[in-house]
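Trainee: Line order of the protein sequences matches chains H and U. Read in order, the letters of the first sequence correspond to residues 247 to 455 in the numbering used here. Read in order, the letters of the second sequence correspond to residues 248 to 599 in the numbering used here.
Rather than coming from a laboratory, the hints here were simulated on the basis of the structure. Possibly wrong hints are sitting among the right ones.
Claimed, not checked - Straight-line distance between alpha carbons at most 20 Å, and here's what the computed EDC-like set of lysine to aspartate or glutamate pairs gives:
1. K263(H) x E437(U)
2. K355(H) x E315(U)
3. K577(U) x E328(H)
4. K577(U) x E437(H)
5. K268(H) x E393(U)
6. K577(U) x E357(H)
Chain by chain, the residues:
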Amino acid sequence: MGNSFEMQKRYFTSQLKQFGTKPALNRARINDCEYYLDMLEEAGSPGEFKTRIQQTGNMVSTAKAESFDRYDNRAFIYEELEQEKKAEEDRLRLEIIKSAETHTDLSQKLEDFEQKTKLSFNENKAINALGSIMNAIFHLQTDAKGSGDEERSLVKFHAYWKLMREADPHVSWEKIISYKPYRDRIIFTDEQLTVLEKVFREVCDGRHS
Amino acid sequence: MDATVKQILDSFRFSVDNYTSSLGSDNEKLMRAKELVESLYIKAEDGADMMAISMDPEFGAAGALIGELAAEPVLTPEEQASTETEGDTASDGAVPPASIAAAGYHMAYDSMTPAVREKQGRYYSRIFELEEEAENAVHFNTLLVEDGVLFEMSREPLIEAAKETLKQAEDIYSPTVNYQQELVAETYAEVSSITELEFHGTLMAELSNVEHEWDALFIEVIGLLPTCAQAIEAFGPMDDLVGKLRNSHRFMAEFMGITWNEVFADPRYLLFWNNVFWPRIPAEKRTKYGVNSAEGWRDLLKEKFYDPFVKDEPVPQPDPSKAHVRLWRKVFPLHKTLDLLNDPPRPVIERH
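In isolation and in its complexed conformation, chain H is listed as follows:
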């Protein structure tokens, strides 16, 4: 194992073998390992390889590939689950990663993005408000008219509806029953929802009670 050139080759080959067990999850890292194995072959010596590494950004491509695969895999999950805002947020991270030219640039740009993005936060905020909204609508079906129960249900509905609209300005009854991240959390069948829709609209229009 005394040849450092062979050691470097073995390092990248070992990584490539590991990434190859799940190639779909490691696309960028596989490309990156292949890039450095090619570079090693072309360099022909450890010294020349090192020079090329320094001239090509001190392996910033590896840091980028690792981050790229992480957020690309996550964006894939959110796209499959149709959580649009979370997927959009990860796609924006991917653009930032692609644009970074140095290690500092990469970490600084991602850090700046984390400070200002609200997409995932708002998606979760809207989702979290939904349970209380459906709960209030359900109880309003049976709360006695003018009762303290009804008042509490109305207060609850309006408080959580306000939160949900802040987090998702496009939310509506139609969106609740069609946007999968919302609809999947609701136990009711479409027929049962038509019953609840009437109360929802009455409450939203201020016609309830």
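Since the structure of chain H is already known, use the hints to place chain U on it.
Mentor: Just chain U now, with coordinates in the frame of chain H:
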């Protein structure tokens, strides 16, 4: 000098030396980094230990500057050739010793509390064995990849945490918690990379969040009738509560085709009633009513706090055609809920 401090400072010194040929020895950041590293060496030789060194502002500044060197513009190959000196290790591709690459692990190990060290010590012992075995830093990093110790260090605590959560969740009788934690332990035991841990971890958490919220709404909805009766038991037959009970008595039959009897025939609701609700009934209430079982409390509520208030109401009829729920985009009979939550029909999401 403290061995860990020496390793860290050696790694700083190596990094700085490494940039000399590519950035030129007159690079301002490089010169400042060299000054800081040498100053830290002097302090360490004077007896400063790891704590003192790591708290020293020069330590943070040196680390930050070394990070910034990676972004500094490199000299042209001609300029680099003119700056090279005989024996310049940075230009001949010389590989640093394994101790340089392992320095961070020693630092992490030394700063661990005894409790953390008890859990993680075995991984670090293995890492230090590999350090001993390795001829240099590249060999060490290769052995780390091939050995899989870093992967196990990530995976095993996650599996242990899932098993611990399962154990702690025994008395909440939550089918969604049990399913999720069993799945986590099983899935993580089968994966072979950190990428897979991250992928499956995110996916399982998202799916599980849906099921937890779904189940909470289910319990609230199907438990409406006993909840109304329980409110009258607790607060007395106030008009508001009696009105709510009568409305619910009619509504649940019309809406979901269920009456009191269907509620107490539902396996998911019974799991909650028998194991979560009933154990929380205070002892003085059990004594007051002479009730000693979940079934007894169910019958008490029905006989004393439900039936008397709906005796003049039309008798609602169960309607299985309405008794359905929707889970993961499919409609199922309501009484199948517990089976569904024990093995939910989750969407299959795989990346090919």
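Trainee: It remains to establish, for every hint, whether it holds in the given structure.
Mentor: Quick rundown of the hints versus the structure:
1. K263(H) x E437(U): Distance of about 18 Å is within 20 Å: holds.
2. K355(H) x E315(U): Holds, at about 14 Å.
3. K577(U) x E328(H): holds (17 Å)
4. K577(U) x E437(H): Between K577(U) and E437(H) the Cα gap is close to 13 Å, so the pair holds against 20 Å.
5. K268(H) x E393(U): holds (16 Å)
6. K577(U) x E357(H): violated (41 Å)
Going down the numbered hints, you'll see the structure goes against just number 6.
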